Amino acid sequence: METSRPLDSLNQSRGKRVLIELKNGKQFVGILQAFDIHINVVLDEVEELENGELKRKLGTAFIRGDTIIIISPQ
Amino acid sequence: METSRPLDSLNQSRGKRVLIELKNGKQFVGILQAFDIHINVVLDEVEELENGELKRKLGTAFIRGDTIIIISPQ
Amino acid sequence: METSRPLDSLNQSRGKRVLIELKNGKQFVGILQAFDIHINVVLDEVEELENGELKRKLGTAFIRGDTIIIISPQ
Amino acid sequence: METSRPLDSLNQSRGKRVLIELKNGKQFVGILQAFDIHINVVLDEVEELENGELKRKLGTAFIRGDTIIIISPQ
Amino acid sequence: METSRPLDSLNQSRGKRVLIELKNGKQFVGILQAFDIHINVVLDEVEELENGELKRKLGTAFIRGDTIIIISPQ
Amino acid sequence: METSRPLDSLNQSRGKRVLIELKNGKQFVGILQAFDIHINVVLDEVEELENGELKRKLGTAFIRGDTIIIISPQ
Amino acid sequence: METSRPLDSLNQSRGKRVLIELKNGKQFVGILQAFDIHINVVLDEVEELENGELKRKLGTAFIRGDTIIIISPQ
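Residue numbers (the numbering used here), protein chains in the order written: chain A, 58 to 131; chain B, 58 to 131; chain C, 58 to 131; chain D, 58 to 131; chain E, 58 to 131; chain F, 58 to 131; chain G, 58 to 131.
What the hints contain is simulated information worked out from the structure, not anything from laboratory work.
A hint or two may mislead.
A short, non-exhaustive set of chain C residues, derived as facing chain D with CB atoms under 10 Å [said to hold, decoys possible]: (1) R62; (2) P63; (3) Q131.
From the derived model, a few chain B residues whose C-beta atoms are all more than 10 Å from chain C [claimed, not checked]: (4) R71; (5) Q90; (6) D93; (7) D101; (8) E102; (9) V103; (10) E107; (11) E110; (12) K112; (13) T117.
Note that this is a predicted model, so its numbers are computed, not measured.
Every residue, glycine too, gets a C-beta built ideally from N, C-alpha and C.
Go ahead and model the full structure; you've got the sequences and the hints to work with.
What follows is the structure in structure tokens.
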């Protein structure tokens, strides 16, 4: 039942560009550097998007897992 | 009392198309690839719906379990 | 003190029709197939109600426990 | 320090009529049949009240503990 | 570091009148009979206040800890 | 990695005046008497502030940790 | 799978200036002195920002982890 696990799938996105959407509606795109079982995430080359437009650049960002809704490889 | 468990039922939808509704009202349809005991889910061929209409396609998506209300096989 | 436990009571509704109300105000009626200690629930023959009227039919549905307020046998 | 514990006090209401108020403002009155350490509760002869008036009768109801604010014997 | 602990301080209010404020803004005054590590509380001679005025009397009340903001001896 | 821990830092404020801000926007100033790993806190000589003005005095107050955003020595 | 962990990444910001954004929209900039596995954080030389402008200075601040969305080195 556990041969295919969500964190294994997430691991395949390590080093790749992902889109992350938060509970407050914010969207970030960046390179997935690290994550843990709480889905705490570290992104590099982070861009915050608003309506698909670049809002600001953040360099590296630690995002607390309990604020995340969805992580999708770009 | 545990002969029929919710996660066993969910396991029968693995590899099949499911509808997922989130606490923020968003709806996603996709192929259920993986889930864990937190109900973290990985979907493939993901489509986000709005009022039953396709809003966007996402490829693969990791959805954090604590944002999910309902998962229903299509 | 634990001779009568809530999950034992819920177990008596297994295979029977129940009404489930969620924190977001949604109401579902269906046959209670499975539940676990988190009150994750699987219903069959699911109907979503709105103001007592049928809104849609869902077949089977996995409902995440932390969204549930009340489960009442019909 | 634990000679008088909240769950012991709650246990004295078993089999008696209690008022339960939820985080969403709903009020239920019924016979307390069972509860557990999560304060999941089962009531019998349940009546939902609105502004002190009977809104509907529910028979038996399982109420998830994390939705409950207060339980008071009537 | 743990010589003075919050629950020890709370224990000194046992049998005394306390004011409890909840996340939903409600205020209760009563005699603190019991509490546990979740800060579940049992009050006796409970009065609910609104803008400092008595709104209703409740006798005994079990208050779930995760709804409580502050407990202050009167 | 753990040579400097947040609770050690908090411990240095024991017996001193701190400002505490809650998730609901309330502000309290008082002497930090006790705290635990949940960040449950006991303050003495408590003053509730509103827009920097004294709103009321509370004597001693137990504040549940999960309502706290920030604690800052004054 | 765990060779690169989010807390290791966060540890590289110790002693450096970081931007922290909270669930309630508040922004703080300060020197990261300490954090733990709950992402409880202690900042020094804290400045609260509003629309990029300095709102107030706080000296040292303990920020409870469950209020934090993002931590980004400046």
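A quick look at each hint next to the structure:
| no. | hint | result |
| --- | --- | --- |
| 1 | R62 | holds (6 Å) |
| 2 | P63 | holds (4 Å) |
| 3 | Q131 | holds (8 Å) |
| 4 | R71 | holds (12 Å) |
| 5 | Q90 | holds (16 Å) |
| 6 | D93 | holds (13 Å) |
| 7 | D101 | holds (18 Å) |
| 8 | E102 | holds (20 Å) |
| 9 | V103 | holds (18 Å) |
| 10 | E107 | holds (16 Å) |
| 11 | E110 | holds (16 Å) |
| 12 | K112 | holds (19 Å) |
| 13 | T117 | holds (20 Å) |
Violated hints are absent here; each numbered hint is respected by the structure.
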